[in-house]
Amino acid sequence: MVAKDPGDRYRAAMPETTTLTRSPLHNFHVEHKAKIVEYAGWELPLHYGSIGEEHLWTRSSGSIFDVSHMGRLRISGRHARRFLDRVCTRLVRGMQEGQCRYGLICNETGGCLDDVLVYCFSDDDYMVVCNGANREKITTHFNRVKADESLVFKMVDETESTCMCAIQGPKVMELLGKVSREVPTLKRYRFTVKNVLVMKIIVSRTGYTGEDGVEVILGAKFARQALGMLLKDIGVEGGVVRPAGLGARDSLRMEAGMPLYGHELDEQTDPISAGLGFAVKLDKGESDEQEGRFIGQDALQRIAANGPERKLVGLKLDGRRSPRQGMSVFDGDRVVGTVTSGCPSPTLGHPIGMAYVPAEMAEVGTTVRIDLGGGTDAEIVKLPLYKRP
Amino acid sequence: MSSPADRRYSESHEWFLVEGDLVTIGITTHATDALTDITYVEMKSAGATLAAGDSAGEVESVKTTSDIYTAVAGEVAEANTAVVDDPSLVNSDPFGEGWLVRIKTADTTPLESLMDAAAYDQMNG
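If you read the protein sequences in the order shown, they are chains A and B. Positions 4 to 392 (our numbering) are the ones given, in order, by the first sequence. Positions 2 to 126 (our numbering) are the ones given, in order, by the second sequence.
Don't take each hint at face value.
Said to hold, decoys possible - Straight-line Cα separation of at most 25 Å, SDA-like style, residue types lysine to any residue; simulated pairs:
1) A:Lys-38 / B:Ser-46
2) A:Lys-7 / B:Tyr-41
3) A:Lys-7 / B:Ser-93
To be verified - Distance windows between CB atoms, simulated:
4) B:Glu-98 / A:Phe-281: 47 to 53 Å
5) B:Ala-120 / A:Gly-368: 51 to 57 Å
6) B:Gln-123 / A:Arg-191: 45 to 51 Å
No wet-lab data here; the hints were simulated from the structure. Backbone N, C-alpha and C define an ideal beta-carbon position, used for all residues, glycine too.
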């Protein structure tokens, strides 16, 4: 049995001798009978019994996901803001305390080194949450830019000294109201820092499932205890919020049309083609010199001006067979694009996917073919594929 | 949980059970644990000729689509239609009702280089 998805094969083929990092919640996962797999150099729960059930439970009630493998880089000091505006496509200057912004880290040609969330604690204190698999690459990139441009700031990798969980689902905010009056009043992409006993807990109204909910960052040492308290207070035994693994996280983000690095994004793919133009401040530094220009800005301005050659689209298929990463997209007999992600959608009940196709074919309603045993029709549909009611 | 001792196992988590000149192929509990919720099964039809190492079909879950490989050469004698109608059988009874395909072979020697149950279970810790 060998997975067709190259990403999946890579994970399965990781050498066993690699030292894997364990989440501070490892014992919690084991107690809850998780199927543990290696991902981005970490041992993490793939599921706790059924990916499909965890997926549907997130859509109807609530789930808690351990995402401690995501990189957490604290960046503070004199040039912290200037540096972040240099490496990030999104505008960081002017961010308010308690605000998060999604952005891309690009190379000079506009290709994505990673997609990140920037948290603003003050105008000289930030945190960058990056993909686990890119943490080393991003740290190296940041240090190089820092040295090349003689910038002064401190970067501390807090990934392994902290723990990060996502709590997502339609019933989550109401439940969190039981333990905090403030958290349910947070607006989307805002965060607060709560002091609970001796713990500092960062709670942001963000997520990667298409559901309402929060992401929580707290000290590794207290994580297991805090999770126990939280689940007791909000009643995990009653089963409103249940643990869910990386498998459901992936199918949920696909339905929500959210890109995953290594699938929709890579160093050869620019954010404009990926439909992430909203996260690119194309005129950074042009009306306010203080903002500076970001790495890749020239290239992205050209791509935006000419229009991208290919675009990321949603796919909807009939039948039971799903498109998977790396499969070709055909117009008649001609290969015109590539599938980046796909699965049988648990919520929608039919196979879905995402793919890059030529811009002129990206119109909603266009029919393409996917190379699934003789070829299957797929309809190009709007992203996100699923929007919460 | 130990795998049945009456069959051989591949590193890619297929099992092979020999009965006369028929070899039944399925996937192990370790495989179904990783995949969960199998949503679709498509095996090569009866009469198809396969070489050792060929794909005998595909199993699809929310997580991924996987090729199922045969370690023996021969002709597909029967594909399990029950798992096509109800793919969850593969999850609930991977070593029994959830078998996938049966191959008629003249040579079962390639199975000798595969693992026995003890070695397979040890590989999966």
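*Which of the numbered hints above does this structure break?*
1
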